[in-house]
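*Asks:* Residues per chain, in single letters:
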Amino acid sequence: MYQHSEFDRAFVVDRAARFRDQVHRRISGALTEDEFRPLRLMNGVYLQLHAYMFRIAIPYGTISPDQLRQLAHIADRWDKGYGHFTTRTNIQFNWPKLVDIPDMMDSLAEVGMHAIQTSGNTIRNVTADHFAGAAADEIADPRPYAELIRQWSTDHPEFQFLPRKFKIAISGSPNDRAVVKSHDIGLRMLSRDGVTGFEVSVGGGLGRTPLVGKVVRDFVPAVDLLPYLEAILSAYNTVGRRDNKFKARLKIAVLELGIEHIRELVEARFKEIRPQFDGSDQQVLAEIATQFRAPDLVSGRGTEVYDAARKADPIFRAWSDTNLHGHKHPDYAIATISLKKHGETPGDASSDQMRLIADLAEKLGHGDIRISHEQNVVLPHVHKADLPVLHAALREAGLGTANLGLISDIIACPGLDYCALATARSIPIAQQIATRFDELKLEHEIGELKIKISGCINACGHHHVGHIGILGLDRAGVENYQVTLGGDGTETMAVGERAGPGFSKDEIIPAIERLVQGYLAVREDASETFLQAYRRLGPEPFKAALYPAKEAA
Amino acid sequence: MMANVVAIPTRAARIAALNTRYRHHAAIKVLGDALQDKELGRVAMVSSFGADSVVLLHMLSLVERNTPVLFIDTQMLFPETLIYQSQVASKLGLTDLRTIRANPTAINAADPDGDLHGRDPDACCDLRKTVPLNRALADFDSWITGRKRFQGADRAALEFFEEDPAGPRIKINPLAHWDARDVADYIANNHLPRHPLVAKGYPSIGCQPCTSPVLEGEDPRAGRWRGLDKTECGIHFVNGKMQRIAPAEPVVFTPEEGRPVIVRDAGFGPEDWTGPILELAPEADLDDPNLHYMDAPMIRIAFPSFSDGRGFTLARRLRVAGYKGRLRAQGHVIADQFPMARRSGFDEVEIDFALAKRQPWELWKRSAEVAPSYLNRLGRSA
Amino acid sequence: MARAFEPVVISANDLFDGRTIYLTGKDEWVPHLRQAELITDEEHARHRMAHALALSDHAVGVFLAPAKAGPDGPEPGHPREAFRAYGPSNYFHGKQAEDA
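Residue numbers (my numbering), protein chains in the order written: chain A, 1 to 553; chain B, 1 to 382; chain C, 1 to 100.
Among these hints, one or two may not hold up.
Said to hold, decoys possible - Simulated crosslink set (BS3-like; lysine-lysine; CA at most 30 Å straight-line):
(1) C:Lys95 x A:Lys341
(2) A:Lys214 x A:Lys245
(3) A:Lys80 x A:Lys97
(4) A:Lys505 x A:Lys543
(5) A:Lys505 x C:Lys26
(6) A:Lys80 x A:Lys214
(7) C:Lys68 x A:Lys328
(8) A:Lys165 x B:Lys38
(9) A:Lys247 x A:Lys311
(10) A:Lys505 x C:Lys95
(11) B:Lys200 x B:Lys357
(12) C:Lys26 x C:Lys68
(13) A:Lys311 x A:Lys328
(14) A:Lys441 x A:Lys363
(15) B:Lys38 x B:Lys200
(16) B:Lys365 x A:Lys97
(17) C:Lys95 x C:Lys68
(18) B:Lys357 x A:Lys271
(19) A:Lys363 x A:Lys328
(20) A:Lys505 x A:Lys311
(21) A:Lys247 x A:Lys271
(22) A:Lys80 x C:Lys95
(23) A:Lys97 x C:Lys95
(24) A:Lys341 x A:Lys441
Said to hold, decoys possible - A few chain A residues that face chain C, going by a derived Cβ cut-off under 8 Å, partial list only:
(25) His50
(26) Trp78
(27) Lys80
(28) Val99
(29) Pro102
(30) Lys341
(31) His342
(32) Tyr418
(33) Leu421
(34) Arg425
FYI, nobody ran anything at the bench for these hints, they're computed from the structure.
For every residue, glycine included, the Cβ atom is placed at its ideal position computed from N, Cα and C.
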């Protein structure tokens with residue numbers, strides 16, 4: 001993976017020192033809270049309900065064992081011994097003191113990490129496919145490009161005070177695991193006449209106005225990537241609305257001005273900007289690429305141990321059925337560690353769990369760890385013969401849950417338990433759904449089903465693209481949950497449709513149970529997933545299950 | 001039995017002989033011959049990778065690039081220096097770069113909070129520079145420095161060779177007779193990279209806390225330990241003690257109620273523009289054919305709020321279009337945005353008295369000591 | 001008829017550690033909601049808010065938080081205020097743990 005260069009090191013050390021100074025100035029009164037807020041946000045520091053929250057970037061979800069151990073150390077030293085992995089592959093600490101955060105930043109800088117641009121109206125942490133470099137279906141590893149974009153966007157002088165936040169995602173595979181079309185810029189890697197390039201979409205987003213990104217240019221050669229991105233940002237900084245924060249994202253500009261207009265503007269800016277790049281970025285890219293070389297995988301070791309364990313141990317078999325994905329090398333697997341144990345907070349990991357994952361990655365996984373946007377941890381290169389040992393160690397630490405892609409593998413934002421913007425809680429709903437279906441012993445029978453929960457309209461829990469989406473709202477001071485159906489966050493991205501009136505916090509769990517039982521009753525056979533059944537049958541049978549009384553009336 | 005007495009010349013005598021022998025040598029010849037001269041023994045170069053260092057380093061790379069180069073990382077240096085150091089070393093192909101740092105135990109004991117420079121700058125130089133360097137120099141008989149006569153009154157009598165008062169060594173100063181012009185010409189003629197801070201008003205670069213930019217007309221080393229009665233760090237002495245000169249006083253400007261304050265790299269100043277100004281609102285459309293901006297001697301772009309970053313893109317587009325006039329940001333721009341404004345193409349920022357009072361020059365200056373830029377590395381023109 | 005004024009307390013977060021704080025009738029910022037001044041009159045609320053903003057050096061995001069009278073002092077008037085006053089529901093952290 002990418003090792004911070006001396007340059008990166010100097011940069012993050014400098015930034016930490018600057019933030020320390022800004023904190024001092026805020027406390028002394030030289031900075032007002034209004035002026036300090038964007039500065040702290042540029043460094044990932046929010047003020048939430050109970051405390052500050054510190055969001056640390058895990059660029060394109062890639063993290064080393066040493067870095068993960070340092071996060072564990074930070075959790076123990078300055079927080080409450082755990083961290084929360086987010087849908088944008090960041091990690092959040094919920095309880096830091098403002099005056100400790102500069103020390104936390106120094107501690108991050110020691111391992112080449114930072115919190116720069118994890119918040120604020122700027123270009124955020126670039127996300128990529130969490131199986132990058134390992135997936136069997138990949139065209140090329142997108143991470144060198146993601147790292148190039150990280151460098152370009154970091155501290156870009158023009159784009160620190162955009163109309164609104166700006167998100168870029170990149171996928172190196174036709175199977176989109178990075179939800180690229182729900183981003184301000186989505187990049188899908190292509191190869192045309194032997195030239196690597198990208199299909200570039202703009203104006204995707206979830207939130208209050210969920211929109212699927214539109215293709216602004218069908219092929220941008222990789223050598224033009226940075227000037228093309230800069231052209232889009234330059235255009236957005238000019239035309240993005242600043243009069244209404246709910247209409248300030250690029251997607252609204254695309255919606256209101258039309259993709260044709262945006263395309264003209266971007267292409268005109270691109271002409272201005274292209275000559276400003278002298279090609280050095282391609283050398284930097286080549287250097288970066290050498291750092292993402294595939295690990296030295298072992299051939300000919302045999303996978304009999306794995307096959308035997310699958311026969312002998314039903315618990316291991318269940319885990320390997322759900323939590324493994326195909327690797328480029330037939331003797332290897334991509335193993336996903338679920339952070340969704342039934343009844344626990346989705347995406348949370350204790351410091352001990354972080355240290356264990358770091359150790360296991362070193363011993364069994366070529367030292368490579370990924371954080372997925374679905375709030376799980378991925379070991380992308382595990383030899384099949386090592387899987388039984390891995391699984392046993394994970395189980396002992398409460399990390400062996402076999403539920404990937406199943407109903408209890410729920411994405412949930414922090415919600416009203418922590419977040420100052422939230423209108424209802426998400427975490428307890430996720431906990432109760434997982435616990436309920438675990439009691440019913442139904443989730444393997446149900447098969448692939450993605451539930452995603454957001455505690456407010458901003459949709460950090462991606463509810464719009466959940467097969468079942470749950471949106472928590474505030475109805476006159478009471479938590480209320482709206483259900484959406486048929487969303488899809490993959491290459492066939494679709495925004496879910498609202499099913500009907502919302503449910504109270506006591507009604508929502510039985511409602512989801514009825515909905516799932518309804519699906520089981522109408523599906524053709526066990527191979528037809530919830531989403532497939534929904535697409536075949538339309539919303540009616542599902543609404544009928546959700547609102548039985550209404551149907552009877 | 002009495003031993004044969006062999007006349008061993010004193011160090012002073014050896015140095016006098018060396019200075020006579022090398023009197024008419026050019027700098028590079030001094031350097032080349034010194035590296036071969038048995039009289040000088042084992043030789044290392046000591047370099048700060050500061051404003052002028054690239055000259056000697058370049059010469060060394062031509063003469064003998066395997067010579068040990070000692071670089072003192074005080075751990076208080078500008079990040080730019082660290083980056084510049086690795087760039088220069090790799091560009092010149094220097095093979096034996098040794099980074100010298102203070103013993104961590106010594107730092108923990110004497111300067112646990114990193115604020116010794118504020119309390120006792122001499123002790124800080126001792127701890128972080130002089131002591132580690134002397135330790136590293138124990139392996140050598142002579143060392144090469146980049147000191148020059150023109151750098152200050154206390155260096156005015158500098159020779160090619162001199163005694164090292166700190167130990168039994170000889171100091172070699174190949175550039176002793178060079179002046180600022182020679183340095184600039186050499187760097188330009190050989191296309192050598194300049195330290196990025198030179199362009200920001202630092203003709204002499206030391207540690208971050210104790211270096212500030214120098215105004216036109218000031219002594220080039222006036223920015224070192226500004227305001228303190230100190231001009232040398234303790235590595236260099238003249239006649240065994242420090243020679244002190246007072247740095248020139250910069251012109252004092254005091255913001256006044258009701259008058260704008262113009263912020264430039266060199267400091268706060270009064271309004272000095274009397275010519276016509278083309279005013280641009282943040283929503284100005286540069287593609288409007290009726291907007292003739294290219295010949296405007298000054299363009300002033302309004303910042304109604306610091307959170308409205310449209311002005312940065314306007315400035316950048318103007319510069320990309322080839323606008324060469326004076327470009328000013330006006331309004332609610334805060335100190336922390338100064339580097340963004342400068343890097344987007346603004347020359348200066350105009351703020352009001354209240355903002356200048358709340359955010360004095362000290363804050364802008366600190367902010368202007370900009371972090372290294374990724375964009376420069378990626379080959380995007382500034 | 002104008003809507004009746006719902007009672008409030010003046011609340012904020014502490015600049016140093018971000019903790020929820022409340023304003024008492026004696027102009028002190030305290031960590032416990034039950035010690036806060038319950039304000040039931042709109043005019044008085046406006047007056048106290050202006051005063052709070054003026055003395056709020058280390059109080060960030062001062063606002064009027066919905067509250068209601070209880071036997072031991074003010075109680076939360078909205079779910080959000082309940083979480084702010086006592087802590088999250090998924091872990092025993094925050095104020096609830098400090099008071100335990």
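*Asks:* Now, for every hint given, state plainly whether the structure supports it.
*Replies:* Against the structure, the hints come out as follows:
At most 30 Å may separate the alpha-carbon atoms for a hinted pair to count; Lys95 (chain C) and Lys341 (chain A) meet this at roughly 26 Å. Only pairs whose Cα atoms come within 30 Å are accepted, and Lys214 (chain A) paired with Lys245 (chain A) is accepted, the gap being roughly 22 Å. Among the hinted pairs, Lys80 (chain A) with Lys97 (chain A) is consistent with the structure: their alpha-carbon atoms are about 12 Å apart, no more than 30 Å. For the suggested pair Lys505 (chain A) and Lys543 (chain A), the alpha carbons sit about 19 Å apart, so the restraint of at most 30 Å is met.
Pair hint Lys505 (chain A) plus Lys26 (chain C) does not hold up; C-alpha atoms about 39 Å apart against a cutoff of 30 Å. Using a Cα cut-off of 30 Å, the hinted pair Lys80 (chain A) and Lys214 (chain A) is violated, with the two alpha carbons roughly 42 Å apart. Restraint check for Lys68 (chain C) and Lys328 (chain A): not satisfied, since their Cα atoms lie roughly 62 Å apart, outside the 30 Å limit. This hinted pair does not check out: Lys165 (chain A) and Lys38 (chain B) have alpha carbons roughly 66 Å apart, beyond 30 Å.
Restraint check for Lys247 (chain A) and Lys311 (chain A): the C-alpha separation of about 56 Å exceeds 30 Å, so the hint is violated. A C-alpha spacing of about 24 Å is found between Lys505 (chain A) and Lys95 (chain C), which places the hinted pair at or below 30 Å, so the restraint holds. Only pairs whose Cα atoms come within 30 Å are accepted, and Lys200 (chain B) paired with Lys357 (chain B) is accepted, the gap being roughly 24 Å. The hinted pair formed by Lys26 (chain C) and Lys68 (chain C) meets the criterion: a straight-line CA distance of about 19 Å does not exceed 30 Å.
Using a Cα cut-off of 30 Å, the hinted pair Lys311 (chain A) and Lys328 (chain A) holds, with the two alpha carbons roughly 24 Å apart. A C-alpha spacing of about 34 Å is found between Lys441 (chain A) and Lys363 (chain A), which places the hinted pair above 30 Å, so the restraint is violated. A C-alpha spacing of about 42 Å is found between Lys38 (chain B) and Lys200 (chain B), which places the hinted pair above 30 Å, so the restraint is violated. A C-alpha spacing of about 28 Å is found between Lys365 (chain B) and Lys97 (chain A), which places the hinted pair at or below 30 Å, so the restraint holds.
Between Lys95 (chain C) and Lys68 (chain C) the CA atoms are separated by roughly 19 Å; this keeps the pair inside 30 Å, and the hint holds. Taking the CA atoms of Lys357 (chain B) and Lys271 (chain A), the gap is about 43 Å. The hint is violated against a cut of 30 Å. Among the hinted pairs, Lys363 (chain A) with Lys328 (chain A) is consistent with the structure: their alpha-carbon atoms are about 20 Å apart, no more than 30 Å. A C-alpha spacing of about 42 Å is found between Lys505 (chain A) and Lys311 (chain A), which places the hinted pair above 30 Å, so the restraint is violated.
A threshold of 30 Å between alpha carbons decides the hint, and for Lys247 (chain A) with Lys271 (chain A) the separation of about 28 Å falls inside it, so the pair holds. Only pairs whose Cα atoms come within 30 Å are accepted, and Lys80 (chain A) paired with Lys95 (chain C) is accepted, the gap being roughly 14 Å. Taking the CA atoms of Lys97 (chain A) and Lys95 (chain C), the gap is about 15 Å. The hint holds against a cut of 30 Å. For the given pair, Lys341 (chain A) sits about 14 Å from Lys441 (chain A) by alpha-carbon distance, which is consistent with the 30 Å threshold.
A least Cβ separation of about 5 Å between His50 (chain A) and chain C falls short of the 8 Å threshold, and the interface hint therefore holds. For Trp78 (chain A), the shortest C-beta to C-beta distance to chain C is roughly 11 Å, which exceeds 8 Å, and the interface hint is violated. Hint on Lys80 (chain A) holds. Least Cβ distance to chain C is approximately 6 Å, under the 8 Å limit. About 6 Å separates the beta-carbon of Val99 (chain A) from the nearest beta-carbon of chain C, less than 8 Å, and the hint is met.
Taken as an interface hint, Pro102 (chain A) does not check out: its beta carbon lies about 13 Å from the nearest beta carbon of chain C, beyond 8 Å. Taken as an interface hint, Lys341 (chain A) does not check out: its beta carbon lies about 13 Å from the nearest beta carbon of chain C, beyond 8 Å. For His342 (chain A), the interface hint is violated, since its Cβ never comes within 8 Å of a Cβ in chain C; the closest pair sits about 14 Å apart. Taking 8 Å as the C-beta contact cut-off toward chain C, the hint placing Tyr418 (chain A) at the interface holds, the least distance being around 6 Å.
For Leu421 (chain A), the interface hint is violated, the least distance from its beta-carbon to any beta-carbon of chain C being 10 Å, above 8 Å. Contact between Arg425 (chain A) and chain C, as hinted, is supported at the beta carbon level, the nearest pair being about 7 Å apart and thus within 8 Å.
In summary, the structure is inconsistent with hints 5, 6, 7, 8, 9, 14, 15, 18, 20, 26, 29, 30, 31, 33 from the numbered list given earlier, while agreeing with the others.
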